[in-house]
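Student: Fit chain B to the given chain A structure using the hints.
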Amino acid sequence: MTVTSRMFRIVMALALGCVFLAGIQKGLAARAAGDAPSKINITIDNFSFTPSSVTVAAGTTVTWINKDDVPHTVVSNDKTTFRSKALDTDEQFSYTFTKPGTYDYFCSVHPRMTGEIVVK
Amino acid sequence: MAKYIKENMNEDGVDRRGFLECMAWAGTGALCVLQGGVLNSFALGDVLRGKYGHVKGELSFVQISDSHIGFNKAANPDVTATLREAIAKVNALPTPPSFVLHTGDLTQLSKAEEFDTLAESLKSLKTDQIYYVPGEHDVLNDNGEMFHERFGKGTQGDGWYSFDQKGAHFIGLVNVLNLKAGGLGSLGPEQLEWIEKDVAHLKSSTPIVVFAHIPLWSVYPQWGWGTDDSEQALSYLKRFGSVTVLNGHIHQTMQKVEGNITFHTAMSTAFPQPAPGQAEGPGPMKVPSDKLRDLLGITDVNFLQHRHTLGIIDSSLSATGQEPSGD
Numbered sequence: 001m002t003v004t005s006r007m008f009r010i011v012m013a014l015a016l017g018c019v020f021l022a023g024i025q026k027g028l029a030a031r032a033a034g035d036a037p038s039k040i041n042i043t044i045d046n047f048s049f050t051p052s053s054v055t056v057a058a059g060t061t062v063t064w065i066n067k068d069d070v071p072h073t074v075v076s077n078d079k080t081t082f083r084s085k086a087l088d089t090d091e092q093f094s095y096t097f098t099k100p101g102t103y104d105y106f107c108s109v110h111p112r113m114t115g116e117i118v119v120k
Numbered sequence: 001m002a003k004y005i006k007e008n009m010n011e012d013g014v015d016r017r018g019f020l021e022c023m024a025w026a027g028t029g030a031l032c033v034l035q036g037g038v039l040n041s042f043a044l045g046d047v048l049r050g051k052y053g054h055v056k057g058e059l060s061f062v063q064i065s066d067s068h069i070g071f072n073k074a075a076n077p078d079v080t081a082t083l084r085e086a087i088a089k090v091n092a093l094p095t096p097p098s099f100v101l102h103t104g105d106l107t108q109l110s111k112a113e114e115f116d117t118l119a120e121s122l123k124s125l126k127t128d129q130i131y132y133v134p135g136e137h138d139v140l141n142d143n144g145e146m147f148h149e150r151f152g153k154g155t156q157g158d159g160w161y162s163f164d165q166k167g168a169h170f171i172g173l174v175n176v177l178n179l180k181a182g183g184l185g186s187l188g189p190e191q192l193e194w195i196e197k198d199v200a201h202l203k204s205s206t207p208i209v210v211f212a213h214i215p216l217w218s219v220y221p222q223w224g225w226g227t228d229d230s231e232q233a234l235s236y237l238k239r240f241g242s243v244t245v246l247n248g249h250i251h252q253t254m255q256k257v258e259g260n261i262t263f264h265t266a267m268s269t270a271f272p273q274p275a276p277g278q279a280e281g282p283g284p285m286k287v288p289s290d291k292l293r294d295l296l297g298i299t300d301v302n303f304l305q306h307r308h309t310l311g312i313i314d315s316s317l318s319a320t321g322q323e324p325s326g327d
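First to last, the sequence lines map onto chains A and B. All residue numbers for the first sequence refer to the numbering used here, where the first residue is 1 and numbers rise by one. All residue numbers for the second sequence refer to the numbering used here, where the first residue is 1 and numbers rise by one.
If we strip away everything but chain A, and leave its shape as in the complex, we get (with noise of 0.2 Å):
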């Protein structure tokens, strides 16, 4: 009868609404514990950033390590959001990206080697 199926609806919505709520919560309690920054790291080897393209979150140290056996660098697009020296073998270079965005990047010393981060 309408009662029922009345109800029925009404205890859904609330039963949906808990829910919906008990995320939102659980995510913000989630930021609020502080959750450590992450890391990342991408290689560079065989004239390619791998992995090319990564998504992380903002706050997150991404870390660019040269495994190549010639130089290269690291540098935005733009040329001055970030950009490293020249980095040689098993040198390194971080950047911690703190605004959400997508970020592309290349190398200045050939400048096909391209990548992209995304921060969320």
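The set of hints was computed from the structure by calculation and includes no laboratory data. Be careful, since some hints might not be right.
[Stated by the list, open to error] Some chain A residues near chain B, calculated using beta-carbon distances under 7 Å:
#  : residue
1  : Asn46
2  : Phe47
3  : Asp69
4  : Val70
5  : Pro71
6  : Asn77
7  : Lys85
8  : Ala86
9  : Phe106
10 : Val109
11 : His110
12 : Pro111
13 : Arg112
14 : Thr114
Virtual Cβ for every residue (Gly too), placed ideally from N, Cα, C.
Tutor: Leaving out everything else, chain B in the frame of chain A:
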């Protein structure tokens, strides 16, 4: 015996098979002379002794490239030693070169001590003048300031310049600065404008030689072996009867003829690199140590016959002797 990698050439009245056969001799000291679109080969020794009067050399110079002083990995742990061997080879040429061109990547990491070692080594080169253009390894951290200070005196803009020798016009270009993401070598609008003006007053019969580090033709774009705006530069040179483009960067010899323009790349004196697409990337290629000197070398260029024909001879560090046919 020198090793060659040949690029397909355009059919333009030049006998293609003859050219390839002729060039295959080059490492043993033969000379390929282009006369009216037909190739004749002469033993270099005979030529330079004046046996063929009409092809007596009138201007000769040498191109060396990619010395990469400071490199010390497996492909060649001692690049200074192989540079010294290349210098000895130049000094042993039957005709001493009027000057030497170094088409860039003098150093591996643009370091002061690397430039020092290079300059010190080249002191034993028997020639009156050395002309340089930078490679991308020479301009790593300072936009080429140190290179410019040491080797770029009297140049224009970011380091381009021209000079005349025995009626031929030489143009040194810089295509390793201000590179853009995803791009190739770049000359830039200022340099292009300068090139147009620089050749404007020259007679079309003037032989032109252009030298720059990265190839000015599309050798293999996937590996960055090309220059984004070279077409425009070459358009200013279309009217000239003889244009030679000498490049480095790819660490192997490659040649292409397009109308009146001959493109040629030199071997490195430091380490070889793979042929296009034959490896994962264009980096230093390790070969058995007894093969290394087959793949490193110098390029000897001779202008002949009133400077309208020229012979380009690559010889590897391992090639012995320059006179295959005894006299």
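Student: Verify the interface restraint on Asn77/A: the C-beta must sit less than 7 Å from at least one C-beta of chain B.
Tutor: holds, 5 Å
Student: Could you check if Lys85/A really has its C-beta closer than 7 Å to a C-beta on chain B?
Tutor: For Lys85/A, the interface hint holds, since the closest Cβ of chain B sits about 5 Å away, which is under 7 Å.
Student: Restraint: Ala86/A near chain B, CB-CB cut 7 Å. Satisfied or not?
Tutor: Check passed: Cβ of Ala86/A comes within 4 Å of chain B, closer than 7 Å.
Student: Was the hint right that Asp69/A lines chain B, CB cutoff 7 Å?
Tutor: Asp69/A check passes; min Cβ-Cβ to chain B is 4 Å, inside 7 Å.
Student: Have a go at the Phe47/A hint: is there a Cβ in chain B nearer than 7 Å to its own Cβ?
Tutor: Holds: closest Cβ of chain B sits about 4 Å from Phe47/A, inside 7 Å.
Student: Tell me if the interface restraint on Pro71/A is satisfied: Cβ within less than 7 Å of some Cβ in chain B.
Tutor: Hint holds; Pro71/A Cβ to chain B Cβ min 6 Å, cut 7 Å.
Student: Let me know if the C-beta of Thr114/A comes in closer than 7 Å to any C-beta of chain B, holds or violated.
Tutor: holds, 5 Å
Student: Does Pro111/A pass the interface check with chain B, least Cβ-Cβ distance below 7 Å?
Tutor: holds, 4 Å
Student: Hint Val109/A vs chain B: min CB-CB distance below 7 Å?
Tutor: Holds, about 5 Å.
Student: If you take the shortest Cβ to Cβ gap from Phe106/A to chain B, is it below 7 Å?
Tutor: Hint on Phe106/A: holds, closest Cβ of chain B at ~4 Å, below 7 Å.
Student: When the nearest CB of chain B is found for Asn46/A, is that gap smaller than 7 Å?
Tutor: holds, 4 Å
Student: Given His110/A was flagged as interface, is its beta-carbon under 7 Å from a beta-carbon of chain B?
Tutor: holds, 5 Å
The structure agrees with every numbered hint stated previously.
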